[in-house]
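**Student:** The residues making up each chain are set out below.
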Amino acid sequence: MTERTLRIEIQRYQPEDDEPPYWQGYNVPCEEHWVLLDALNHIKDHLDGTLSYRWSCHMAVCGSCGMVVNGDPMLACKTFVRDLPDTVRVAPLSNLPVERDLIVDQERFMTSLSEVSPWVIPAGTPPEDAEYRQSPQELARFRQYSMCINCLLCYAACPQVGLNPGYLGPAALALAHRYNLDSRDDGRLWRAEVTGSENGVWECTFVGECSEVCPKHVDPAGAIQQMKLANSLDWLTAPLRRKERS
Amino acid sequence: MRTHSHTPRMPLFWWLRRASYLRYMLRELTCVPIAAWIVVATAGLVDLVRGPAAWQGFLHGMASPAGFTFQLIVLIAGVYHAVTWFALAPRTMPLNLGGRQVPGSWIQGAHYALLLAILVAVFVLVEI
Amino acid sequence: MRTVATDMVIIGAGGAGLQAAIAAAEANPAADIALISKVYPMRSHTVAAEGGAAGVIKDNDSLDDHFHDTVSGGDWLCDQDAVDAFVAEAPKALLQLEHWGCPWSRESDGRVSVRPFGGMKNERTWFAADKSGFHILHTLFQTSLKHASIQRFDEYYALDLIVQDGECRGVATLCLATGEEVAFLAPAVILCTGGAGRMFPFTTNGAINTADGMAMAYRAGAPLKDMEFVQYHPTGLPRTGILITEGARGEGGILLNKDGYRYLQDYALGPPDPWPRKKAMELGPRDRLSQAFWHEQRKGRTISTADGEVVHLDLRHLGQAKIDERLPFVRELSRAYAGVDPVTEPIPVRPVVHYTMGGIDTDIQSATALPGLFAAGECACVSINGANRLGSNSLTELLVFGARAGRSAAERVRSAGHKATSVNTDACEAAFGRTTRLLGEVRGNETIAGLRDGLHEVMERCAGIYRDETLLREACEKIGSLRERFPALAIQDHSRVYNTELIYALELGSMLEVAQAMVHSAHGRQESRGAHQRLDYPERNDERFLQHSLATFRGSDPPAIDYRAVVITRFQPGERVYGGVPGAADSKA
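Chains as they are written, first to last, in the numbering used here: chain A, 1 to 246; chain B, 1001 to 1128; chain C, 2001 to 2589.
Among these hints, one or two may not hold up.
Unchecked claim - Some, not all, of what chain B presents toward chain A, calculated at C-beta under 8 angstroms:
#1 Ser1005
#2 Trp1014
#3 Tyr1021
#4 Tyr1024
#5 Leu1029
#6 Thr1030
#7 Leu1088
#8 Thr1092
If you're looking for bench data, these hints aren't it; they were derived computationally from the structure. Only a predicted model underlies this, so the values are computations on that prediction, with no experimental measurement involved. Glycine residues also receive a C-beta, built at the ideal position from the N, C-alpha and C atoms.
Work out the full structure: start from the sequences and follow the hints.
**Tutor:** This is how it looks when you write it as structure tokens:
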């Protein structure tokens, strides 16, 4: 089994020490098939038990292990050591407050999630004792946007998240779009009050980096631009809807 | 109720950190030459209305080295803006026709086709 | 120490916990519900389930068929009243998820699609491509956000149940973000903490599946039932243990040994054709398939690779279109973690620990032996899975029994009347004392990795697919000795904020306690049934062992093992028959 020693430098931060973040390096003998997460687990088990980071599934579906590796936001469980150079700098996700080592404060995202009403808002009552009929084509319309694992790599990649503390962010907005496109849902105008607000889609300037780093190819940037279009059309047709109501 | 978390600050030159950020800023900055062009073109319109002498003065200014450089910058900015905009268009407006998704290249192509049509129309109008 | 007085506490925010919370909120909108989880809900291991959730909807299917498949699949160790309730509520529960937005895969007419699954006579497994657990979890989580009465406490680690006057009164926890000790006081507590796969070295389970809830209930006096039954999923990737769903076989995938031979036909699962065929060959029950691998390995017919012995899961004949439509995640996982594209090459697979059939003993309303304590999901044992679980019954179990637990707890809250205002602080001190000791000046020389490796080694070798007297005795001894060594565990991290090393140590402690219950239960069961196979007792012994094992905590001593009869209502134990040709009788009474 071929081994290769990687120099892994990790941004450490212990709030109780009242010191700013600092870099700490480790020499890690890595096996050929390892992912970065395996290397971190090796450090934790054998070199430094004080290193803290989140992980669980090890198969890129739980979204726990997002971090910045040599400047790029990635999932540690899907970053293969064979694709990394001999020296690697690992930092917590950018743009979010750092609580400890590689652990960031995700509360901003949890709040944004709730604000976009990410649940089915049906037009009437659901069919009794039966499913909504939804064709494979109707399912295909929103399926891509339902694949988000909430890993927050997009929040680390998006400069607007860093520049505007109130911005809802790519993943939350993409999830709103997922429900908007679901044939069983009728809540688009309801959600538009939040998604079309000043902290919503209009904070996005289509840098597009969120979609570049997304490990599940959700394309939140595309979702947001589509919502901008829909939001604009809603604004234009608002008088017609007012007429309908009265 | 988070205690002592470290909030990172966005550096002033955050857009120099990644090549994609730099390309984004350049794309955004194209609005400056284009806005300047609108101002200059408006001035030209005013000169046109004022009379042949003023109009000749405007054309003379446009033909000068400074004027030529300015127009070149505007052209490059405009083309960069259009190319990046057209590339992103399919993601902004995915189209479904008869239950199948229209390929992104068709949407992009349609934009170029429209641009070409406008250029041809303007050319024809100018030459007539 | 901070105190939070509430009406109901739910520990674990995976499929069962979220469903319990929603059901409780709907049953009793006035009740305050504290939903506690050691990770954010989207990280719960429900997210990794792939294949689907079973529920009868087709005209050619019946509740009776689902009942029979489940009971015989469980080798008659299932409580039949529980299974009857389960199969009856399954379709409604899945339909409710659909109404909540779960993106189930569809037929061309818009109806929900179902696929065949192991050990099932008819197609009844609802699926969302091959990420069913992911979609179920996210649907439940996002729907739970609607209910203001559900207050979440994310990244709180539950240490111990608070028991007073023989009743469960709450739970002592640690807030990971601050290290603060927080006691939740409530008349009703529901444990939905998942399984125990991480006590084995090769498992599909995520880092968080460390038997914490089982251990808490166990220490508080609630017995653990049927712990000896551990499911090996037949198709996990070698080394990483990453799950390759049974759905791949449901779509027609086949298993080949080193001679390119479909070896399952040698193990009473054939004939190999016609294929696909329900309850035959690769769609046999999981215990039989994993046992077949073990035998093939003994015969030297498995394929040797750098990552150990494997067999081949061949999907090539399905074609790229079908793989991309029905099994896209399988393709992605296979390429990333095994370096193999299933469109052009077979996937190397081997059995890996996947599911704990055993767990906290509950009745069919999800109540445990401890008043005020309920449990649902993989951490519980009702039992509907018996000695071997059929694939896709577990996701449905989360919904059906999660809802039952939520409703039972809501009922208890109604009858309890008022929130607790104070609690016997001694009960809390015991719980918090464990963390203080680990964080304090304990001078020991044991390490987490050292003890964990010891546990893994003994579980893999002595409590694997096939067991015997010698190995099980050794397992009981070794785990006893690991438990003795545990107090000498020293950790390096003595901080308060996000001290994950402390959490790993506490999780290891849980696993050692529950592993001891597991191996002692296994040692006591002198028969082979379902997933518990003994080389020294190769036959099933209904006379002595048509019973559930019950392990009761005895502190630092090994557990006491008792037995209780299985509830048999209308399906008498018979022979489990798989393979054959379509239409053959499925069991001989």
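**Student:** Now look at each hint and say whether the structure bears it out.
**Tutor:** Checked hints:
no., hint, result
1, Ser1005, "4 angstroms, holds"
2, Trp1014, "6 angstroms, holds"
3, Tyr1021, "7 angstroms, holds"
4, Tyr1024, "5 angstroms, holds"
5, Leu1029, "12 angstroms, violated"
6, Thr1030, "13 angstroms, violated"
7, Leu1088, "6 angstroms, holds"
8, Thr1092, "4 angstroms, holds"
Comparing the model with each numbered hint stated earlier shows that hints 5 and 6 do not hold.
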